[in-house]
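Residues per chain are reported as follows:
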Amino acid sequence: MSSGAANPALAHHFESLEKQAHAQRLGMWLFLATEILLFTALFAAYGVYRFLYADAFSEASRGLATWMGGVNTFVLVTSSLTVALGLDAAARGDGRRSGGLFFLSIGMGLVFMALKAVEYRHHFASGELPGQYYTAGAIAGSGGALFFTLYFLITGLHAFHVLIGMTVLGVIGVKSWRGAYSPEYHVPVELAGLYWHLVDLIWIFVFPLIYLI
Amino acid sequence: MSASHASTPARHGHAAHSHVARYLRVWLALMVLTALTWGLSRLHIPGGAGVAVALAIASVKGGLVALFFMHLYDQRGANRLVFLTSLVFVALLIGLTLLDNATRFPLANPPDAGTSPRQVRDAILGSQPPATPHPASH
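Sequence order for the protein chains is A and B.
Per this note's numbering, numbering through the first sequence is continuous, rising by one, with the last residue being 213.
Per this note's numbering, numbering through the second sequence is continuous, rising by one, with the last residue being 138.
Don't read these hints as lab results, they were simulated from the structure.
Some hints could be false.
[Claimed, not checked] In silico SDA-like cross-links for lysine to any residue, where the CA-CA straight-line distance does not exceed 20 Å:
#1 A:19 with B:77
#2 A:19 with B:71
#3 A:19 with B:76
#4 A:19 with B:78
All chains should be modelled from the sequences, with the hints used to inform the complete structure.
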């Protein structure tokens with residue numbers, strides 16, 4: 001029916017580009033569901049230990065640089081906006097603009113990682129480390145060590161996802177820039193965006209739970 | 001290629017109308033809600049209400065991202081179903097784990113009765129070097 005049948009992006013086992021796009025989106029959402037549950041396991045552990053060591057957790061959290069977590073939230077949310085605008089540009093066939101917006105988002109990802117690095121550096125210097133390596137000693141009992149165990153597991157896994165997301169945005173951004181996508185077919189741009197939004201979505205929960213106790 | 005609407009950005013068929021205005025509104029709401037949750041946290045709302053408020057705001061923000069940035073709002077049912085199913089398991093995993101811990105009660109034997117866990121352990125393993133004091137739970 002549509003002229004999409006001639007599109008080189010159409011794999012031979014799909015009837016039409018539209019069906020292919022639906023399958024791709026569904027596959028991505030299934031993957032994102034597994035990602036959500038991966039983080040949920042950590043959030044469950046966090047919930048248990050925050051419940052058991054409520055005072056130690058709030059004391060340890062108060063020692064964090066809240067402004068860095070807050071600024072990083074603004075940065076990630078804004079990078080999600082530029083990724084969404086990049087998808088909009090791709091849908092209008094403006095690959096250059098789409099790629100440019102993705103590169104801008106990567107830049108914000110770098111700002112996020114830089115702030116995280118400053119924070120980690122501070123924790124390393126002051127002995128706020130996981131488990132038996134917790135030497136800060138300001139908090140009685142094992143609550144402080146447990147807080148920083150979960151802090152590093154959650155923010156570390158999240159930072160790892162930011163790195164992967166930046167790589168994905170980079171690859172798709174370059175292809176966009178070179179004109180690989182069209183208004184008829186730009187699903188990869190959409191899926192790269194979905195991944196980045198998920199990284200943002202998880203941080204939206206990390207910020208109040210870790211920084212705002 | 002009709003010349004009449006040469007400047008119209010919307011094409012026929014695939015390219016839907018632009019979502020830019022919607023994206024900007026969602027972004028603004030996310031920024032305001034971030035500032036709100038940050039500000040509220042400084043009030044140190046006592047008890048569990050502080051966490052509840054923070055999680056409620058985070059859920060609204062997450063909902064905005066999922067619905068509009070991730071386009072669940074205008075996507076077909078299967079993708080929404082996958083997302084909602086994952087949320088069901090999030091609730092089960094966190095809810096049941098917390099319920100388990102919240103409904104346990106501390107061992108009822110008095111600490112000096114000779115049958116407290118600490119003393120049983122000491123009897124078996126020999127007395128331990130002074131352990132870190134157990135912080136009061138809850």
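Could you work out which of the previously given hints the structure breaks and list their numbers from low to high? Failing hints: none at all.
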